[in-house]
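Participant: Here the protein sequences come in this chain order: H and W. Residues 1091 to 1574 in my numbering are what the first sequence lists, from first letter to last. Residues 49 to 371 in my numbering are what the second sequence lists, from first letter to last.
Hints are computed from structural coordinates only; laboratory data are not their basis. Keep in mind that a hint or two might mislead.
[As the list claims (entries may be wrong)] If you want the footprint, here are the derived chain W segments under chain H, 3+ residues with CB under 8 angstroms:
id, region
1, 143-149
2, 163-174
[To be verified] From the derived model, a few chain W residues whose C-beta atoms are all more than 10 angstroms from chain H:
id, residue
3, Glu160
4, Asp180
5, Lys266
6, Ala276
No residue lacks a Cβ here, since even glycine has one placed at the ideal position from N, Cα and C.
The primary structure of each chain is shown beneath.
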Amino acid sequence: MSLFDGYQPLPGAFDEIVTADGPRPAFRRVLEQLDRMTTDELARHQQLAELALLNQGVTFSVYADNRGTEQIFPFCAVPRLVSAADFAHLERGLAQRLRALGAFLDDIYDGQRILAAGVIPADMVLGATTYRPTLRGVRPPGGVRIHIAGVDLIRDPEGTWRVLEDNLRTPSGVSYVIENRVISKRIFPRAFDRARVHRVDHYPTRLAETLRSVSPVAGDDVTAVVLTPGPYNSAYFEHSFLARTMGLELVQAPDLFVDGDIVYVRTTRGPRRVHVIYRRTDEDFLDPDAFRPDSVLGVRGLMRAYAAGNVALANAPGNGVADDKAVYPFVPDMIRFYLGEEPALAQVPTFVCARDDDRRYVLDHLPELVVKAVDEAGGYGMLMGPQASAAELSEFRTRVAAEPRRYIAQHRVELSTCPTWIGERRRLEPRRVDLRPYVLTSREGPWVLPGGLTRVALVEGSYVVNSSQGGGSKDTWVLKGDGP
Amino acid sequence: MISRVADHCFWFGRYVERAESTARLLATTHSLALDAELEPAACWRPVVVVAGEEAACRARWGDDEATFADGERIEHALTWDEDTSVSIRRSVAAARWNARTIREVVSLEAWETTNELHLYLRGDAARADFADHRFDFYRRVRAGTQLTLGLLRSTMLHDEPLDFIWLGVMLERVSQTARILDVHHHAFTSGAGHHEVVATSLWLSLLRSLSGYEPFMKRHQGRVASMAVVRFLVGEERFPRSVAYCVRSAYERLCGIRPPTATELPGGQTLERLRVLDELVRAQRHELRDGEDVHELLTTVVDETHAICETLGKELLGHDRAA
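Excised from the complex, chain H in its bound form (with noise of 0.2 angstroms):
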């Protein structure tokens, strides 16, 4: 049986692939390679692929301790297909939309002329706890704030892509692009050919550059360094991929130490200057003095020599109140207020139930809303009204007339789908994706990766895509051109 034969786009959604009438125009070419394939022949690739991945240590912790227990991310062979047109349309509105997230930031940490034209509630910002008070004034080195930004978007039954949350401190999965990219050019090798898809793997590069161009020193003689956790960060893998693709060193806290204001790393030759630090740390866990005083992950003094501008942090600390749930809604009138402009991306429209008439609706209409707590990621503190329980309901119901602040609430958008591989039916069917993206800022501005992370929910009938919570991913070929 080939790949195809029989898949049921799911009604109500909008297929990324294949319409009730067939293949998209700008995938027909592509599809009918990656139809070649029999069912048998992916059966076998899927299963490969998942042992090559469990071998190669493409793995993230499950816990964070030292159980060691170690997952491969599911992967799903069948690749998720952006045409040319859309990616230039989401390549416009994500370089736009970081220009404006980049000079809130700024803004937001000196003159706070958006609060004072009244554009955004005053309140919204500075009683958000991602707002750092203790930071307004300083100008980071090079002037960039958000280096690397991952941004979530998804697309509705329309078919428009909609932007969901705008991850700006340290969105991870960039390396699992690039290692999916590997497996699915090995699989579909005529296919991929055929298609004329963006290359991915030269991120690493675009990154190294992007940290080295915001040096505090000018010169070749730039030490950039990449700080992680540490082997139990869920994460690890990726923190080690990106410090081996850049050739960079990977550090821990402890290997760090500062001195008159200038960050020093401990090596087998005696001390060595850092000037740009690729922080996969949380920024709690950055610096004891200035942020977590019970953290033992951190460098003490780190924020003082930032503040000197001797080292360059990305990204830099205090990104987290651009991309506050509870700031969310605002971005398109920042969008307007800051470069004059229409916003290029939608977004998905939220109430504020810090506003009465917002919180009013929301609580009228809980069973239809999806409801998520404003300082919580990964999928959790959210309430999906349609499926949830009267219990939870009433909870939250309670939760948000006692917190409003810290609650948004949206319609449940119906995501997208995309033909996905289950193994134990041996057969694609539809299952709903988002895509990550992967913005890199440099001192001459934004830059777009052509691919991004597709994650796919693949518990059937399932929205939530993360992979603490049943979710997989998909490499993501972004074709050069959309003719036959």
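Please arrange chain W on chain H, whose structure you already have, making use of the hints.
Facilitator: Same frame as chain H, but now just chain W:
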């Protein structure tokens, strides 16, 4: 390079070497014990002593000879036990953990081999092989570790990280050779005089447990005499498991990391101790006359190797880090 990373390199090398050594020792002893002429305890007790597990075994299984007579139980413990620090499974897991922590340093090929061996030892296939094909099991473990050691040299930059890995391999190896030789030499020469045939098979087994059978024969053309074996394993500078070779090789590696002339860099004490040990071994290897000489020299080697690792940890691997 970063001191912590150097530390992981060093221990990665030590654990890979240790896993290989334990597998080799178990395989040769298993084979030796199949010769009915020997008491099982005479074969297995030295293995337990070399592993540093004598006290633990007595505490666990009883304070008499029977404890060392059950080879199956000993093999099982030294292969699988999570709380036996030198067990194959634990050594491989530790090697793999160190490698995973420094994935950005270890070559992809060497990492994959280590990881595959680790996953094999965690799976059912390894248990089945151990039960049904004991020699194939040990062979597979050894092939895995040897492949890792070979890949490290053929796929990594010959640079500081590899120097630290190899320093770990060599210091682990010298301590293994010295202990295996010391313990077995003692066991073979004390107690009732063995029949000549038995004695010969013991010395051959010792050579095999150090991969030295064929190299020894090339030097001695079939003449097996106890002191000749001892002198070979201590002093043959072209045999890569002899004490003399390992100490010299460790010294040369450390010279690459911290040249003798670079007095401004840390590592001076370690280098000096290694140099002195190298001199001592070279001076004494021709002077070995009897068991006492052998025991004395090997004890010095084991103690001094231990001390060198401590100094190295403080000077170069960040163990002495001020807060």
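Participant: Confirm or reject each hint.
Facilitator: Okay, the hints, checked on the actual structure:
1. 143-149: Holds: 3 residues of the region 143-149 of chain W have a Cβ under 8 angstroms from chain H.
2. 163-174: holds (count 3)
3. Glu160: violated, 6 angstroms
4. Asp180: holds, 23 angstroms
5. Lys266: holds, 38 angstroms
6. Ala276: Answer for Ala276 (chain W): holds, closest chain H Cβ roughly 41 angstroms.
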